[in-house]
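**Q** Following the hints, position chain X against chain H.
Protein chains in written order, with the working numbering: chain H, 1 to 112; chain X, 1 to 113.
Just so you know, these hints were derived from the structure itself, not from any lab.
There could be a bad hint or two in this list.
[Claimed, not checked] Which residues of chain H face chain X? A few of them, derived with a C-beta cut under 10 Å, are:
1) Phe34
2) Lys42
3) Asp58
All C-beta atoms, glycine included, are put in the ideal place defined by N, C-alpha and C.
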Amino acid sequence: QKEVEQNSGPLSVPEGAIASLNCTYSDRGSQSFFWYRQYSGKSPELIMSIYSNGDKEDGRFTAQLNKASQYVSLLIRDSQPSDSATYLCAVIGNFGNEKLTFGTGTRLTIIP
Amino acid sequence: DGGITQSPKYLFRKEGQNVTLSCEQNLNHDAMYWYRQDPGQGLRLIYYSQIVNDFQKGDIAEGYSVSREKKESFPLTVTSAQKNPTAFYLCASSPGQLLTEAFFGQGTRLTVV
Chain H
1 QKEVEQNSGP
11 LSVPEGAIAS
21 LNCTYSDRGS
31 QSFFWYRQYS
41 GKSPELIMSI
51 YSNGDKEDGR
61 FTAQLNKASQ
71 YVSLLIRDSQ
81 PSDSATYLCA
91 VIGNFGNEKL
101 TFGTGTRLTI
111 IP
Chain X
1 DGGITQSPKY
11 LFRKEGQNVT
21 LSCEQNLNHD
31 AMYWYRQDPG
41 QGLRLIYYSQ
51 IVNDFQKGDI
61 AEGYSVSREK
71 KESFPLTVTS
81 AQKNPTAFYL
91 CASSPGQLLT
101 EAFFGQGTRL
111 TVV
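The following block holds chain X by itself, in its conformation from the complex:
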């Protein structure tokens, strides 16, 4: 089946640890995004990538890092520098050069314990 797969669905992290969230798509989409959503809030853009080996910071990139070595994969690392990482993380992809609809994975809920 075609789609966007995020894993894991739930993730628990101890303070001071880095953790990597996976996002894979088999839709042959060029653009991929990472958003963060806090309870009762909208989506805030962390990073986005228009093409392989290229990515741009979004509005809240501090404490996060990404890579785009393959078209189908866009992993997000939440580093220990992110002061309040507990949130719902959403990955999305879109077919064209950003000017088309984006579709979302099922999300990863990260909790710092």
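So that you can see chain H by itself, here it is in the shape it has in the complex:
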């Protein structure tokens, strides 16, 4: 079982709609959860971090964490063509396994 799993996509969403990206992780004691956006040929940039169960909103982005289900998601409201990118989920494990591990990423395309 991979430590962090994402659907590779591609995921296509019409402009103005909500894009929903999902991620599951295997280490039940994981501490911290992040979403990164990566444009083709560029390095990842951090867009959201979440540490406790529930929702965290920042502008058009909402991160959702459910530790019981080992599930973290990212919602992008009012999707724009500039949101087209690969979205990477990253997790820091439990104490003693504190490396930052990435999923393989979900490629998102916003259709004008």
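**A** The following block gives chain X in isolation, referenced to the frame of chain H:
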């Protein structure tokens, strides 16, 4: 300007040669990481360091070596033992003892010719 600087941006290496990738940060971050990304793939952890003079192997450390003699520097050497070194290499750093966000440099694209 504060940030993470990787150099060079592009690097070509002949088979059988060792090559060192530079990563420098002036953010006063404690933790630093090296990842490898292959086309269409996610990031795989090579090595990470939580503090000066200490580092740990990641998931794909074979054929790589690192040092952390200074807080701001974490160079990665790709040795001739790495069988398939062509990839995009990313360095990152984070402020705390790993439990905080990591920020990336612009990456080094290594090609073996």
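**Q** For every hint, state whether the structure bears it out.
**A** A quick look at each hint next to the structure:
1. Among the interface hints, the one on Phe34 (chain H) holds; its C-beta lies about 6 Å from the nearest C-beta in chain X, closer than the 10 Å criterion.
2. Evaluation of the Lys42 (chain H) hint against chain X yields a held restraint, the C-beta minimum of about 8 Å falling below 10 Å.
3. For Asp58 (chain H), the interface hint is violated, since its Cβ never comes within 10 Å of a Cβ in chain X; the closest pair sits about 13 Å apart.
Violated hints amount to a single one, hint 3; each of the other numbered hints is respected by the structure.
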